[in-house]
Structures are given as structure tokens and as C-alpha cells.
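Top to bottom, those sequences are chains X, L and Y.
If you're matching positions, the first sequence starts at 1 in my numbering and goes up one per residue.
If you're matching positions, the second sequence starts at 1 in my numbering and goes up one per residue.
If you're matching positions, the third sequence starts at 1 in my numbering and goes up one per residue.
Take the hints with a grain of salt, since some may be wrong.
Below, in silico cross-link-like pairs of lysine-lysine (PhoX-like), each with a Cα-Cα straight-line distance of 20 Å or less [what the hints assert, rightly or not]: (1) K143(Y) with K91(Y); (2) K82(Y) with K22(Y); (3) K80(Y) with K91(Y); (4) K143(Y) with K67(Y); (5) K146(Y) with K67(Y); (6) K67(Y) with K11(Y); (7) K82(Y) with K73(L); (8) K73(L) with K80(Y); (9) K38(Y) with K11(Y); (10) K155(Y) with K86(X); (11) K232(L) with K67(Y); (12) K274(L) with K232(L); (13) K86(Y) with K67(Y); (14) K146(Y) with K91(Y); (15) K146(Y) with K73(L); (16) K274(L) with K222(L); (17) K155(Y) with K73(L); (18) K67(Y) with K91(Y).
Restraint-style ranges between C-beta atoms, simulated for each label pair [as the list claims (entries may be wrong)]: (19) H63(L) with L21(X): 40 to 48 Å; (20) E140(X) with E92(Y): 52 to 60 Å; (21) K319(L) with K67(Y): 41 to 49 Å.
Source of the hints: derived by calculation from the structure; they are not laboratory data.
Everything numeric in this text was worked out from a predicted model, so none of it was measured.
Beta carbons are placed, not taken as given, at the ideal position from N, Cα and C, and that holds for glycine.
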Amino acid sequence: MGLLDQRFENGNVFVTSLENLLNWARLSSLYQMQFGLACCAIEMMAASASDFDIMRFGIIPRATPRQADVMFVAGTVTIKMASRIKRLYDQMAEPRYIISMGSCANCGGPYWEHGYHVLKGVDRVIPVDVFVPGCPPRPEALLEGIIKLQEKVRKESIVKKSA
Amino acid sequence: MIETKSLPTQYATQPGAIQTSSGKTLRTDEMIINMGPQHPSTHGVLRLEIVVDGEIIVDVIPHIGYLHRCFEKHAEHMTNYQQLIPYCDRLDYCAAINDEHSYVLAVERLLKIELPERVEYIRVIMAELQRIASHLIAVGTFGIDAGAFTPFLYAFHERELILDLFEMTCGARLLYNYFWIGGLSHDIPPQFVDKAKQFCKYFKPRIKEFNDLLTYNEIFVKRTANVGVLPKDVAINYASSGPMLRGSGINWDLRRDDPYSVYHKLQWEPQIGKGEMGTVGDVWDRHIVRMREMEMSVSIIEQALAALPEGNVQAAIPKRIRPEAGEVYARTETPRGELGFYVISDGSGTPYRVKGRAPTFVNLSVLPEISRGAMIADLVLIAGSVDIVLGQVDR
Amino acid sequence: MTAEEILNSLKARFGEAIVEAKLDAPQPWIVVDPARTKEIAFFLRDEPSLQFDYMMCLSGVDYNNGKLGIVYHLFSMVHKHKIVLKAFCTKEQPHIQSVAAVWATANWHEREVFDMYGIVIDEHPDLRRILLPYDWEGHPLRKDYKVPEFYNGIKVPY
């Protein structure tokens, strides 16, 4: 507790709204579902290794979608895989967020023109919150995508339903 | 009949029945378990349908195609041969340079181009650096399969240094588009040679550290020795290649036996599995072959850096790539095995047919054969030792 | 052995099943009868002077004039020689005999050829699609393939 206890003069009491508290709790501990599809999965693994370290953002990999908050769709989604992704998305409990990582998941990527088996963007089957461009995006780009997602979560409201 | 060599004898009576100690017979049934496309231990989107009797595997049926990205269809629609190189990168995304090398070799054989020496030496340096990076991913994730998380962090940390070298040269970390037909896209920058030498000096003791941490760890040895044994004749009949083949004791390496580039001018040797901890051809053998190949790659890089000649790397790049009508099959040794490209040209600038023969596609077909009689926990290790990359299996 | 010697020993044994050959290409090839590929393959694998025990690659090709074919690239680990075999068929009668009993690796390769080109592989132990979903319609790598508009409610083109 080296940081928080220096900030408050009135004896470690601070007042906040329930919304802010819930949002702060949610964005600081987004549990990730381990779901790498293709090349972007290697950059996602590099981001979770020691050099870039997404664990410091509170993101811990969980093997099952039932315990996960965020799913990085990292890599090309094929049509054979699309129905399975939908099923995995349905199994995640709310609040759930999707980060689409890489151009294949955003819009079909380099396979957009002649790929008869490639789904042109994962947002054709599930709703996406943050799109991270790149082929593959650097781990720093993925970290920026996570920060953008955290800003989005920070602005959420428990009264108004999000889209 | 199930092989039950490692089980207590009371289970070894007959399939479908267990004798209890009081003499009664319990009827058992086989169960089908689905290790689905999303699974933390299958390296990518592979679906394994496992038929088990209790915990012993009776049969494994792999289902692939969850990452089929229509590489061969794209090949037929590209406006020229050069445009296909980024797609070749994405076949085996852990070892992109080696994919490019194989394709570029095939087209250069069709065009009958003579390459400058400098290009060949730089290609060898880049290919061996990529081999080390790819093996680091393989052994790191293999450690996670066995339950060891720390080697993964060590491996990826070393890998970042290699990716720095690549980024310095061509700007990309993972998928490069660096080998062009007839040369390279950029020459190496002036500080590359010193940094590469520094890396080689730094990396050699790290392999020993990694071995102490994982390879000779008693738990790891107990889990991997005598598991997933691939006999020699089965390996050849199934056309395995790479560490799968060498782990079974067969002395075969395409860099020496079907030579290409300047490997014949450098001193090195293929690493073979000898069954030091168990049987020849088990999972531990394939792992130690990968570790020793990394050491051998460091030595090749040092020799190539010392012998690097001067020259212009773009001197032999043709203005228009228009091979005459014909066909060629060229193969190279990638970290996962023999990657071959069968290129048919019809005389125009567009490829007529490009078939990528992926080593992991072929190596994966051995999986049902070598995992009968193992347990499900062993299957995870066997699949990890085949070292699959689904981009290459499904193309 | 050179390609000519291999061709001669094949012709001596099989006669009319060897249709034609092109020996002056950089990688010479021999065309065989599609209904007898299995026995030719057994001979190539088991004959002591040939011993083609390693099948490097098996690819399907669409030759764009109603002709489909399979190309086999074979290699011998013992004698270190290579040969290319080809077997052709038409789009109306797409049948070629399987060599999966000879080289176990041909099993998956032939399933892929069936998946992509629609060539029915006779006597294959398990002929079904391997890369595409099992209920996909059409054979994509044929030159006259049209991309479907929808597959199970998912829009396929861009």
C-alpha cells in the first residue's frame, strides 16, 4: 500500500460513487480468455511475457470463457470457426468485452479479396468494443488497445444500458 | 488391445471390463472427449476427438481446417510472384523467414537466377536466427504444456533480442516480407554484425541455463521419457521431417542432404535423438533435438558473420518476374521440418498453381499412431512435441 | 538411378499402364494410368533398386481444359533419387486410385485433394473433407469455382 495511503489526509477515507468504484474494479482486473487463433496470437503471447507484461494491467489468462471478462480475438476468423466463436461469446458472463486484434479480425485482413473461407471481420458474428489495427500489431499497440478499453469501461454507467 | 505397460496389472485384463479386488467385473464403456478448437494446450485451433477407455486413449481423430485461409487460391490471383511472399510468411508465422526462403528458392530455380554471395550469406544468417526464435517459442510453450511457466518467460525474453535484430533490418517483428525473388528487400544496417555477434555470445550460456531449468528437471524427464515413441519405419512411411524425424534417430537434414544456399560451406552437423532418457524417438528426444539445434544455429551464425562478403543485395532482382512454362518442387529445412513448394508456371507473370507442402500437416497425421495407449495428459505433451502451427497445417 | 532407367523398369513391369513421360524437364515426370496407381506405387516402394519410401508431396492440379490431375513427388532415402508421377482424370469422371496403403502420409493429402478439387479417391479408407466444413458445397481450387454468397447465414464475400 505504498501509493494510496499517501494520498488522503483525512485518515484513509475517500468517497466515491458506486459507479466509479465498480468501473475502477472492473477495468483493473479484466480476466482474459486465452484465445489465440493465428499470427496475432504470437504477439499476444509476447505481450503477456516479461518484456511487455500485460499482467500489470490486471489481465490474467483464464482457460474457460465462464470466468473471463475480455476476449482478444487474435488472428483470422474462418467461417468454420465463426460459429464456435459465437458459442464462446455466449458462454462469457456479462460484463464482457471483445478486443478485435489484428486486421484479419477487424476486416478480413490480407485475405479479404479471395478468401472464400475467411470471415471478413469478427464483428459479423459478435459485437466488438475495441479494434486494434496492425498485421500483426506490436505488443505496444495491443497495450494501447487495452488502455482504450479501460477508458471505455471507466465511462460506463450502471444506470444506462450500454449498446 | 490397449497397451497398459505403465498401469497396475489389475486393469490389464480385457477391454470393456475391470476386475475389482473382490472378483466382481465392472462393465466399462469408451467415452468420446472433445478437446475443442479453443483449448489452452492445443497450440492454435486444433480439435482433437479423443476416444478414451477410462483415462487410456484408444484413438485420436484430429479435425483441422479451423484456420484455412485459402493460400493456394490467393496464389492463383496474385498479379506477380513477388506479391505472394507476404502470404507465405503467414503460413508458419513462428518461422516466417524460413517459409519465404522455401518459396523464393522455388521461383529462383524456375527463373534460373544466380545469386550474389552476400545475399546467400545474409539469408543463412536470417534463417538461422529465425530457427532459434521459432525453437524458443516451441520449447517455451512446451514447458507450459508440461506445467512449467517460467521457461516460457525466459524463452520469450531471449526471443525479443532476436526480434530486435530483425526489426533493425527490415522493420517488422514477426512477418517480414524480407526475402525477395533474386535478393533481399534491404541490406543489413551497419550495426547489425556487431549486435548479432553480441547476441551469439550472450545466448550460448542461456541455453545451458534453460536446460538446467527444464530439460534435465526430473519431473519433466519423468513426464516425457518413453512417451509418444515414433519408430523409424513409421516416421519414414508417414514422411515426417525435421525434429520429429531426427528425434527418432534418423540422420537426415535437408540443409546437408538436399543442399541449398551456402550451408555446404559452413561447418555444422544435424542433431539426432539417441534415447538418452528413455526410448529413441520419445518426446524428450524431440525436445533435446530442438535445444541442440539452437546451439548449432548459433555456431552457424557466427561462422556466416565471419565469412560475410561484400556486394549489392539487389543486383540480381529481375525487373519482371516471368518464368517460362514449367514446374518445380523445392524444399528447405524449416524449424518444423521439410517445407516444399510445388510451383507450376504457365509462362505468364501470374503463378498457375502453388502448392505448399507443410511439414506440420504431415507430422500431425502421425499423432493418432503414436498416442494410442497414452493418457490424456500425455497426449497434451505429444501434441506439443509435434510442434504444430495451425497456419501451416491449414494453409 | 536416372529418370530414364526408372521409366524403363516401370515400362518393363507395367507396359501400357505407363501412358507418357517427359524426361528432359529439370524434374522429369512419368504419367500413369489413374486406375492402377496403387500397384505401381507398391512396385516403386518395394523394388530393391528403386525403393521410393518417402513421399514428399501429393498435389492436385486443375489443368483448365476439363482435365484434373494428381502429382506425386517421390524420394528414396536409400538411393537418394527423385521422381515425379502424374495421374490425370476428367471432370466428368474424376476417379483416381488411392495410394494410402503404400505411403501412410497420402491419407491426409488425398483427403485434401478431394476437398479442394472433387477428385474421388477410390479405395481411400476415410474419404471426407479435411480443411473445409463437412457440409461445404463446391470444390474451391477448381478454376471455375464461384464463391457462395452465404454459408449457414454468414455472409462470405467482403
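Structure-based check of all given hints:
Restraint check for K143(Y) and K91(Y): the C-alpha separation of about 12 Å stays at or below 20 Å, so the hint holds. A threshold of 20 Å between alpha carbons decides the hint, and for K82(Y) with K22(Y) the separation of about 14 Å falls inside it, so the pair holds. For the given pair, K80(Y) sits about 36 Å from K91(Y) by alpha-carbon distance, which is inconsistent with the 20 Å threshold. For the hint pairing K143(Y) with K67(Y), the CA-to-CA distance comes to about 11 Å; that is within 20 Å, so the pair holds.
Using a Cα cut-off of 20 Å, the hinted pair K146(Y) and K67(Y) holds, with the two alpha carbons roughly 18 Å apart. Note on K67(Y) and K11(Y): the hinted pairing is violated, with a Cα-Cα distance of about 24 Å set against a maximum of 20 Å. Straight-line distance between C-alpha atoms of K82(Y) and K73(L) comes to about 28 Å, which puts the hinted pair past the 20 Å bound. For the suggested pair K73(L) and K80(Y), the alpha carbons sit about 33 Å apart, so the restraint of at most 20 Å is broken.
Only pairs whose Cα atoms come within 20 Å are accepted, and K38(Y) paired with K11(Y) is accepted, the gap being roughly 16 Å. Distance hint between K155(Y) and K86(X) is fulfilled; the C-alpha atoms sit about 15 Å from each other, no more than 20 Å. Taking the CA atoms of K232(L) and K67(Y), the gap is about 38 Å. The hint is violated against a cut of 20 Å. For the given pair, K274(L) sits about 12 Å from K232(L) by alpha-carbon distance, which is consistent with the 20 Å threshold.
As the CA atoms of K86(Y) and K67(Y) are separated by approximately 12 Å, the hinted pair is consistent with the 20 Å bound. About 16 Å separates the Cα atoms of K146(Y) and K91(Y), which keeps this hinted pair within 20 Å; it holds. The straight-line distance between the Cα atoms of K146(Y) and K73(L) is roughly 12 Å, inside the 20 Å bound, and the hint therefore holds. Among the hinted pairs, K274(L) with K222(L) is consistent with the structure: their alpha-carbon atoms are about 17 Å apart, no more than 20 Å.
Restraint check: the Cα-Cα separation between K155(Y) and K73(L) comes to about 19 Å, which is no more than 20 Å; the hinted pair holds. Of the supplied pair hints, the one linking K67(Y) and K91(Y) holds, its CA atoms being roughly 6 Å apart against a limit of 20 Å. Between H63(L) and L21(X) the Cβ separation comes to about 46 Å, which falls inside the hinted range of 40 to 48 Å. With their beta carbons about 57 Å apart, E140(X) and E92(Y) fall inside the hinted range of 52 to 60 Å.
At roughly 34 Å, the beta-carbon separation of K319(L) and K67(Y) lies outside the given 41 to 49 Å, and the hint is violated.
Going through the hint list in order, the structure does not satisfy hints 3, 6, 7, 8, 11, 21.
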